[in-house]
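Could you fit the two chains together into a complex? Lean on the hints.
Which chain is which? The protein sequence lines are P and D, in order. Under this note's numbering, read the first sequence as residues 217 to 732, first letter to last. Under this note's numbering, read the second sequence as residues 13 to 158, first letter to last.
Keep in mind that the hints were calculated from the coordinates and are not lab data. Even glycine gets a Cβ: it sits at the ideal position worked out from N, Cα and C. It is possible that part of the hints are untrue.
As the list claims (entries may be wrong) - Listed below are the simulated PhoX-like cross-link pairs for lysine-lysine, each with C-alpha atoms no more than 25 Å apart in a straight line:
hint: 1; chain 1: P; residue 1: K504; chain 2: P; residue 2: K657
hint: 2; chain 1: D; residue 1: K110; chain 2: P; residue 2: K648
hint: 3; chain 1: P; residue 1: K449; chain 2: P; residue 2: K469
hint: 4; chain 1: P; residue 1: K716; chain 2: P; residue 2: K681
hint: 5; chain 1: P; residue 1: K383; chain 2: P; residue 2: K516
hint: 6; chain 1: D; residue 1: K146; chain 2: P; residue 2: K561
Unchecked claim - Covered stretches of chain P, going by a simulated chain D footprint (3 or more residues, C-beta under 8 Å):
hint: 7; stretch: 227-238
hint: 8; stretch: 260-267
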Amino acid sequence: MKLFVPGDSAALALGANELTAAIAAEADRRHIDITLVRNGSRGMLWLEPMLEVSTPEGRIAYGPVETTDVVSLFDADFLHGGAHHLRLGFTEELDFLKKQERLTFARVGITDPLSLEDYLAHEGFVGLQQALSMPAAAIVQQVTDSGLRGRGGAAFPTGIKWQTVLKTQADQKYIVCNADEGDSGTFADRMLMEGDPFVLIEGMTIAALAVGATMGYLYVRSEYPHAIHILNKAIEIAREAGYLGRDIAGSGKTFELEVRKGAGAYVCGEETALLESLEGRRGIVRSKPPLPAITGLFGKPTVINNVISLASVPIIMARGAAFYKDYGMGRSRGTLPFQLAGNIKQGGLIEKAFGITLRELMFDFGGGSMTGRAIKAVQVGGPLGAYLPESQWDTPMDYEAYTALWAVLGHGGIVVHDDTANLSHLARYAMKFCAIESCGKCTPCRIGSTRGVEVLDKIINDQDKTAQLELLTDLCDTMLHGSMCAMGGMTPYPVLSALKHFPQDFGLTDTGAQHA
Amino acid sequence: MNLPCHNDPIAAIIASHQLIPGALLPILHAIQDELRFIPPEAIGPIASALNLSRAEVHGVISFYHYFLTSPPPAHQIHICCAEACQSMGSERLMQHAKSTGDFSVHPVYCLGLCANSPAMMIDDQLHARVTLDKFDRLTEMLGDQS
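Only chain D is shown next, with the shape it has when bound in the complex (with noise of 0.2 Å):
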């Protein structure tokens, strides 16, 4: 069994986590927030501490779109893909990101911004009504940044 080590950040976040009820999702997310993934390592040190199967653990990893198994790119883009923003065009948004540059695009449904559609999110930061110019402005600042 592997100790928990103090400048582990999964042990640190698995010890303060385990008691609450429910804990698994919420470790999950606190193990995301810090290392942006959830690396498989952390699979067996979770599993164990809730008395869980590791399949267990896996099963509610991949269950979830939110959660993430290896490091996403520097930046990430979410076109919203649903009904709202399909009224606006999201389909040639989403045409368009994937034609205009090695972004790594992803879509997603529902943003709640229904009314200010189409909408997408540049890594945490909202965007509506996202024309396709305003896509190419948004997106030559993030080039800029990297």
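Here chain P stands alone, though its shape is the one from the complex (with noise of 0.2 Å):
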């Protein structure tokens, strides 16, 4: 009897452990003979914990699964896949995973996760093995074509970024795993960590071939306990077999891996900060000009990629650019991980060709708000992205259409609000973080947003609102164009939005926002 219960953190934190010891138990008590499995999480987290049981005829799902259910389940003869009020029916026929067009996220939630067998049998290191056949430049050629973009959020072609530390002479050269997910909204890298860690370690491992690096590191944020864990057991299992070390896969060539972990800054995300804390001193955001890929990680061409875009390598390896390149719209090629969050009836990971619209997601995926009250404004691409109006839910998401609406797709985390939310009191939020988390290397930022929080406190308690709106504006303005990065440049996407889409929330009519 196999059973498989997520040992996802989402998961763990709607006691999955406790249900996993409770049924271990029972079936102790009943002397029945279980095989319990600690699997990724499909991605159906308003059903966590979700169990399935192992059937000839395929995975029966029951969900969401308490301790207390666990005596009724074995009375119902769930190990069979006996009818109870919690059974869901067969996994792969649940309308939510049904729609899906699932290319990174294939084995997530399928497979146990530190199994080098099951990663095996899933099309495991067929990717690798490829790139091992082929020169580096074709390695690179390969991503390129497949349109593949940073998935991170700046949507930078991952090939032409590659293609410029490859060129690049140096004696050594790193791959460096952007695993610094900050962004409310967003847990599509924890859950690949989690659930498919060796999908990570053969992209990354992919990369070091294509342009020559030989050392790599994973920069994971401390937030993420339970994926730096299972990451160290994956690499230590991989190193092992072979697969990382001097000789990976026999072919003599040598990548070495490492975890590393951050320390609660949220500007560790930006790249420069992230190359910055990894050497060791505080996370401030490097000027560019140069480049990371020129000079990156201690001096050295270095390629920086988020965790996304490393893990979708091994499948475009593995099946070829036009098989993935087929998916998407427009320049946006492929697929995208959609994370649907907030107060969502059905939240979770979407993965979906671009081009779905926002309320195909937030309806037909989501079944609408958690609260049953109508939503109101949509918060796309993390706390830097814009709020967008039920105006702009039927546009496709797609990188350059999102640009047109002055919006942010970037890496897919949806944050649904309901009609109770006060956007004048979201924009005031979206200043207040920057100013708590800017590095302080700039002043757009550094001062900026402190500035901004008093503005918008004006704005709200109706203190010479004309004047402050004006002021505001320009602020946003010197922000947008002064800052370094992406801290202090995208933070006026969510205060603008708001202000432009959500006026009366600011004490002001249509027109007495037009001007913003």
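Okay, here's the thing in structure tokens:
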């Protein structure tokens, strides 16, 4: 009898360990022999902890399961898929999953994250084997041809970045994985690291072969201790099996990998601040140029990519650039793991090709708001992304289409707010957050954010509103154009979009906000 | 100069980490893992081992929210106050937490549990979909342990 109970942090936070213990104890009491697998999460997070049983016809899901349900589940013979009020049906047939296009997350929730055998049985290391048979430039070409763009938010073409590192001569090059996933509404990196760590190791190894690097670092935020634990174990397993180290898969090539833990600084998600932190300094943003691809970690050429970018490389190598490029629209190729969060009934991870709309995600997948109230505003792309009103929910999710809306698709994090939200407070929070997390190097961000909070307070308290609105617009303009990185440079997105689309929350009539 | 003593955990940590590239954060993490905070007397030995000034080491410790310079209380509660948790009432949860007992409560900006908001962490344990009742239940158990 094979049973699956996710070991993903979201499931753990909802009692998955207690559930596992209760199931084991009950099975023991009834003298039933079971095998418990701690898989990753399938991404239907409102159903966590969601357990699955393996039957000859396929896996059957039950959820959300509490420890108090265990006895009744055994009574209902759930081990053979028996009827129970928590029975959801065949996992693969569940609408939320069936409608997805899972490429990067193909294995997450299905395999045991730390079983190399499972990984190999599900197309694992096929991409690496391909890469090992190719010259470095051909690997870079394939990634370029796939159309893959940086999934951390900036959407810079991954292949172009790699090409720069490949062409730069140096005695040492590095691969750095940016796993400092600090944006609210994002958990795809965490789910992938916890649910399929080998794919990230494989992606980083392919990157190393492509540019000639021999050392890699995974910079993971300290808020993700569970992901750090799993990655460290996976690296150990991969090294013992010869997939990391001095002779990768018998090729004679070397690649070493090490996990480094962040320390609670949001700005370290910015690539140059992250490199500073890795070098042992405060996470202060560096001026660009020079680009990290030329002068990166310890002054050496460095590929620095987000978790999802790197984890998408193995399937591109295994199935070909054309296969991947076939998904998506315009210049946004492939799939994006959308993360549906906040005030939503059915929150979770939805991997879909670019081009789906916010409305489809929120209603067809998400089932509307959790509170049952009308959805008012949606923030897409993290704390530095714009708030979108209903008039913009039908725009296809594509990097360029969002730019045209003066919004940010970013990493595909979506935070839903119902009609009780006050956008002037959320705008103030955006400035406040920037003030807390600014690295302090450039003035527009360091001072501008504090002034922004003060100005917004005056607007909220109706003091000298017309002059303060002008000041806010002016201040945002300075931050947009004068900041060194996205921290200060994009904080105006949530602030000005809130003001523009929800003027009534600032005590303005529609016309009053026009000049904003 | 203070010579490292064999039963001095700080000296042992420095000795085992100082040669790795970018050693400062790993050293600080190892000290905090061992002692639960970074005592001021660690700064001098770290600075001399890494050929940095004391100011540079202090600057790094004070820059990162995660590093503590004094011993934390027996139990720490971190409540996520980022946007997704705000949309599900984390502000109310924060107020409730502050008003119901003398816990050490701090805001944290995203625990990555945004589809199961509001979220919080008690010591190292994550909790999601935290209602006020659930908060009381969880913290009551905390009181029993201490």
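Now for the hints, and whether the structure bears them out:
Using a Cα cut-off of 25 Å, the hinted pair K504 of chain P and K657 of chain P holds, with the two alpha carbons roughly 13 Å apart. Restraint check for K110 of chain D and K648 of chain P: the C-alpha separation of about 20 Å stays at or below 25 Å, so the hint holds. Between K449 of chain P and K469 of chain P, the direct Cα distance comes to roughly 22 Å. Compliance with the 25 Å bound is thereby established for this hinted pair. For the given pair, K716 of chain P sits about 15 Å from K681 of chain P by alpha-carbon distance, which is consistent with the 25 Å threshold.
For the given pair, K383 of chain P sits about 13 Å from K516 of chain P by alpha-carbon distance, which is consistent with the 25 Å threshold. With a C-alpha separation of about 19 Å, the suggested pair K146 of chain D and K561 of chain P falls inside the 25 Å cut-off, and the hint holds. Counting residues of the stretch 227-238 of chain P whose CB lies closer than 8 Å to any CB of chain D gives 3, which reaches the minimum of 3, so the coverage claim holds. Coverage of the stretch 260-267 of chain P by chain D holds in this model, with 3 residues showing a Cβ closer than 8 Å to a Cβ of that chain against a need of three.
The earlier numbered hints are all upheld by this structure, with none contradicted.
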